[in-house]
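Number of protein chains: 2
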Amino acid sequence: MKPKGLLTPQRKAILDVICASSDHPTAAEIMDRLRERGRQFAYGTVYNSLKYLTETGQIQELRVGDACRYDARTEHHHHIQCTVCGRVDEVFAPIPGEWAEEVARETGYLLDQDQILLKGVCASCRARTS
Amino acid sequence: MKPKGLLTPQRKAILDVICASSDHPTAAEIMDRLRERGRQFAYGTVYNSLKYLTETGQIQELRVGDACRYDARTEHHHHIQCTVCGRVDEVFAPIPGEWAEEVARETGYLLDQDQILLKGVCASCRARTS
DNA sequence: TTTATAATTAGACTTATTCTAATTAATAAT
DNA sequence: ATTATTAATTAGAATAAGTCTAATTATAAA
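Protein chains in written order, with this note's numbering: chain A, 1 to 130; chain H, 1001 to 1130.
Keep in mind the hints are simulated off the structure, nothing from the lab.
Since the model is a prediction, treat every value here as computed from it, not as a measurement.
Mixed in with the good hints, there may be bad ones.
To be verified - Derived BS3-like pairs: lysine-lysine, alpha-carbon spacing no greater than 27 Å straight-line:
#	chain 1	residue 1	chain 2	residue 2
1	H	Lys1119	A	Lys119
2	A	Lys119	H	Lys1051
3	A	Lys12	A	Lys51
4	A	Lys119	A	Lys12
5	A	Lys51	H	Lys1119
6	H	Lys1051	H	Lys1012
7	H	Lys1051	H	Lys1119
As the list claims (entries may be wrong) - Calculated from the model, a selection of chain A residues having no Cβ within reach of chain H, i.e. all distances over 12 Å:
#	residue
8	Leu7
9	Gly44
10	Leu50
11	Val64
12	Arg73
13	Pro94
14	Ser124
Just so you know, even glycine gets a beta-carbon here, dropped at the ideal spot from N, CA and C.
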């Protein structure tokens, strides 16, 4: 008897919500959006589903601030968060190989190229502040 | 009457613990180490002190995983966390200016050069895994 | 000294997440 | 088809990090 690893109706509904979102929703936001669509699952189901979808590579989990956020874009990319408003955006500019090597040499780590979180101030917050 | 902004005995004790630590302790770990030294303060005091020390530039706060960690090294540098064991290390290799510009151009963000969190697998976890 | 404000305290509260025990669903072997 | 086995879901309790509040203590300026 093999493990099932099914895309159950619950998991499918959660994946759909994430695919329809471009703002990296948190688990709580995903639950809100499910409710708007007339679906409501137990906390445990949502977290279990997010774990399953992440582990099977269907979504990407990124921890930002005090919550995990989820992204349907699974291509290699990084993220940047605004230190003023908290929004999170994608960064597709690849890390320069030279710098990655320098970091690896300095730290002894094997770099994970997809999990970099940058910080900064987004365009609209800069406009508002200055 | 001006605000005081004092380095009270509590704040001093907390700063001492952080200066004596090289492993980026969390608030909970700081409280443990205070207790080992025979000091114990209210949660509120510890968090208030960490905020004060961060705002006055005496320590650096970095959010990693589900908790904030504190670092007595305030020079410009980044951090890298092991995705296996969770340890956090310093990265002093500066971001290549060219890449920073590319990210700024792509995202419209004004990059904060000191707040980059990288992920990877540390040397000892790699040795253990392979 | 009195007065105003800052800092500390204990503990309640919030938020994100994990865990648990019971139930339901689905598959595999009979 | 029926039963055994395991997976997934559920409701809700438990945990962990951090914030908030009201009362108290400490400090400094007038």
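Cross-check of the supplied hints:
no.: 1; hint: H:Lys1119 with A:Lys119; result: holds, 15 Å
no.: 2; hint: A:Lys119 with H:Lys1051; result: holds, 19 Å
no.: 3; hint: A:Lys12 with A:Lys51; result: holds, 13 Å
no.: 4; hint: A:Lys119 with A:Lys12; result: violated, 32 Å
no.: 5; hint: A:Lys51 with H:Lys1119; result: holds, 19 Å
no.: 6; hint: H:Lys1051 with H:Lys1012; result: holds, 13 Å
no.: 7; hint: H:Lys1051 with H:Lys1119; result: holds, 26 Å
no.: 8; hint: Leu7; result: holds, 26 Å
no.: 9; hint: Gly44; result: holds, 18 Å
no.: 10; hint: Leu50; result: holds, 15 Å
no.: 11; hint: Val64; result: violated, 8 Å
no.: 12; hint: Arg73; result: holds, 15 Å
no.: 13; hint: Pro94; result: violated, 9 Å
no.: 14; hint: Ser124; result: violated, 8 Å
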